[in-house]
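Residues per chain are reported as follows:
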Amino acid sequence: MKKGESLLAQKRQKDTNRVAAIFLAPVVILLVIYIFYPILETFRVSGFDWNGISSNPKFIGLDNWAKLFQDEKFWTAFLNNIKVMILSILIQIPLGIAMATFVEFAGKKSTIFKILWFIPMLMSSVAIGFLFTYALATNGGIISSISQLLGGGNVDLLGNPKTALYAVIGVIAWQFTPFYMVYCVAGYTNVSEEVYEASVIDGANKRQYFWHIALPLLKPTIKSAAILSMVGSLKYFDLVYVMTGGGPGSSTELMATYMYKLSFAQFNMGYGSAVAGGMFILISLISLVTMRILNGKKEDY
Amino acid sequence: MEGTYRKNRMKSRISWVIATILAVIAVIISIAPFIFMVMNSFKGKFEMLTKGVFALPEKLDFTNYKEVLEGNFFSYFLNSVIVLVVSLLILLLISAFASYPLSRFKFKLNGFVYAVIVACMSIPVHITLIPIFKMSQTLHLYDSIWALIGPYVAMNIPISVFILTSFMQQIPKEIEEAATIDGCGKVRMFFSVILPMAKPGLSTLAIYNGVNMWNEFIFGYTLTQSRGNRTLPLAVWEFQGQYSMNTPMIMSVLTLTVLPMIILFIFAQDKLIKGMAAGAVKG
Numbered sequence: 001m002k003k004g005e006s007l008l009a010q011k012r013q014k015d016t017n018r019v020a021a022i023f024l025a026p027v028v029i030l031l032v033i034y035i036f037y038p039i040l041e042t043f044r045v046s047g048f049d050w051n052g053i054s055s056n057p058k059f060i061g062l063d064n065w066a067k068l069f070q071d072e073k074f075w076t077a078f079l080n081n082i083k084v085m086i087l088s089i090l091i092q093i094p095l096g097i098a099m100a101t102f103v104e105f106a107g108k109k110s111t112i113f114k115i116l117w118f119i120p121m122l123m124s125s126v127a128i129g130f131l132f133t134y135a136l137a138t139n140g141g142i143i144s145s146i147s148q149l150l151g152g153g154n155v156d157l158l159g160n161p162k163t164a165l166y167a168v169i170g171v172i173a174w175q176f177t178p179f180y181m182v183y184c185v186a187g188y189t190n191v192s193e194e195v196y197e198a199s200v201i202d203g204a205n206k207r208q209y210f211w212h213i214a215l216p217l218l219k220p221t222i223k224s225a226a227i228l229s230m231v232g233s234l235k236y237f238d239l240v241y242v243m244t245g246g247g248p249g250s251s252t253e254l255m256a257t258y259m260y261k262l263s264f265a266q267f268n269m270g271y272g273s274a275v276a277g278g279m280f281i282l283i284s285l286i287s288l289v290t291m292r293i294l295n296g297k298k299e300d301y
Numbered sequence: 001m002e003g004t005y006r007k008n009r010m011k012s013r014i015s016w017v018i019a020t021i022l023a024v025i026a027v028i029i030s031i032a033p034f035i036f037m038v039m040n041s042f043k044g045k046f047e048m049l050t051k052g053v054f055a056l057p058e059k060l061d062f063t064n065y066k067e068v069l070e071g072n073f074f075s076y077f078l079n080s081v082i083v084l085v086v087s088l089l090i091l092l093l094i095s096a097f098a099s100y101p102l103s104r105f106k107f108k109l110n111g112f113v114y115a116v117i118v119a120c121m122s123i124p125v126h127i128t129l130i131p132i133f134k135m136s137q138t139l140h141l142y143d144s145i146w147a148l149i150g151p152y153v154a155m156n157i158p159i160s161v162f163i164l165t166s167f168m169q170q171i172p173k174e175i176e177e178a179a180t181i182d183g184c185g186k187v188r189m190f191f192s193v194i195l196p197m198a199k200p201g202l203s204t205l206a207i208y209n210g211v212n213m214w215n216e217f218i219f220g221y222t223l224t225q226s227r228g229n230r231t232l233p234l235a236v237w238e239f240q241g242q243y244s245m246n247t248p249m250i251m252s253v254l255t256l257t258v259l260p261m262i263i264l265f266i267f268a269q270d271k272l273i274k275g276m277a278a279g280a281v282k283g
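Those protein sequences? They're chains G and A, same order as listed. Going by the numbering used here, the residue at position 298 of the first sequence is 298; the numbering climbs one at a time, nothing skipped. Going by the numbering used here, the residue at position 111 of the second sequence is 111; the numbering climbs one at a time, nothing skipped.
Fair warning: there could be bad hints in the mix.
[Stated by the list, open to error] Which chain G residues face chain A? A few, computed with CB under 8 Å, are given here:
#1 L8
#2 R12
#3 T16
#4 Y134
#5 L150
#6 G152
[Said to hold, decoys possible] Computed footprint of chain G on chain A, listed as stretches where at least three residues anywhere in the stretch have a Cβ under 8 Å from a Cβ of chain G:
#7 62-76
#8 217-231
#9 255-266
Just so you know, these hints were derived from the structure itself, not from any lab. Backbone N, C-alpha and C define an ideal beta-carbon position, used for all residues, glycine too.
Build the full structure now, drawing on both the sequences and the hints.
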């Protein structure tokens, strides 16, 4: 009797496994073809000197990787990525929280603010890139025109190596702040109405409620927003490629734009692969470490 | 007592005024570039240069739009629609397939497979770019919109499986048990019980992924080359080459590429906001 039961259970498990395999197959196959195989292939190609066209690439071992370690341009790009990352987190998330808090406290009548603030999210990065190349243009751009109205001269934000990266970071903030606003609005809906009511009964005003109750409760939301912003900044590409192409000089060069230009403009695909591989390793390391740190201190509410 | 109460109310009123002023400034910053785009798209080529960027257009002149639409704008648009529809259908179907066993079955590799799929979320597409470029050439897909389907589906699998799995986990077990007693097998269970119940999750995902695919740039730019085979985000690129000195023209191209999103926003604002924040559950 018992044996029969366990046989039946075994048969059932086998059946479950079979169905699971069938249902998982399409996803697994596509991931293997378009993600896992390409990652391995990129590392393989990084061992060759190859222009992407010739049929017999030259094997050069770890030369590309040795070059990568000493490549000032790559490390400049990496540092630019880090700057974008830090400033994105410091600008976009606090602004997003502030906007969400305004929407939350002002109630229904603030919906119009939420709608208007969301507008930048409707545009693609490419469209934003083009729009701001014109909006920040030295002649006839928004900033230049304002400066002229105030009696100043033309302002060339994107052409100046000192300001270009910060101009780009500003545009990125313009694009993504609405996302973190919506994100934090969603976070607020998880903070229940009762918590707010209870704190009001206890005599807390809105400021105390925000700093001592809402903000700590929003912590998980803020944490994952920071991770999102971090990973996003490290692989940033579209907007910068369109707006500055990494220039002037390498003042706005990012790892991704550098990799792209090496591979598809200079057709140095061997070295381009090494750069892509380096970028992959750095991003994976940074995200692993950050997640370890953030999740290590898990707190329950 | 009365005095402090009044003082507090006063203080709170002042902070509301300040907050509202800041909020209005944020609104101006958010929409100014947008208005700059729409306003200048109606201007003539020289009107913008002579009158400045802040002047209202002399008249509502659709000449720029007419010229753009008479170019091959529609072929870009159509390409984007085809790629979007095909990729999205495949993506949603196979992500739902995968999420079903991951959310509701007990089997040995469940946790492992799920972890591997979800870990793919932070992978930069750049590491896949060169091999996929070569692959599309080998398969003779290069420079056709069909080259885009595979990458568009694959790159959006991780987040889709992540969201759908957590969605399906919330479907109550009792419904499944009732259906099992009625003699419903696992495969039929998916199509007749789980899939219909996952509809709200699927519609959120459709918006999230749809917006991503509609705006996708790097694969479109790398895997296609000729004008007739490119998608909408690249249209701006082509028009820019053609009309580089004619800013109002570029502004009308930009406005046209954003138009579908604006229409969607007007008619399904709540859904769109919710859908675009779906990525919010990441991490």
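Evaluation of the provided hints:
Annotation: G/L8 was flagged as interfacial toward chain A, and the flag is violated, the nearest CB pair being 15 Å apart, outside 8 Å. A distance limit of 8 Å between C-beta atoms decides the matter here; for G/R12 the minimum to chain A is near 10 Å, and the interface restraint is violated. Interface restraint check: G/T16 against chain A, minimum CB-CB distance 5 Å, threshold 8 Å, status holds. Checking G/Y134 against chain A by beta carbon gives a least distance of about 6 Å; that is within 8 Å, so the hint holds.
Contact between G/L150 and chain A, as hinted, is not supported at the beta carbon level, the nearest pair being about 13 Å apart and thus beyond 8 Å. Here the hint on G/G152 is broken, as its CB sits about 15 Å from the closest CB of chain A, past 8 Å. Check on the stretch 62-76 of chain A: 0 of its residues sit with their Cβ under 8 Å from a Cβ of chain G, so the three-residue criterion for coverage is violated. Coverage of the stretch 217-231 of chain A by chain G holds in this model, with 3 residues showing a Cβ closer than 8 Å to a Cβ of that chain against a need of three.
Only when three residues or more bring their CB closer than 8 Å to a CB of chain G does the claim for the stretch 255-266 of chain A stand; here the count is 5, and the claim holds.
The structure is inconsistent with the numbered hints 1, 2, 5, 6 and 7, although it conforms to all the rest.
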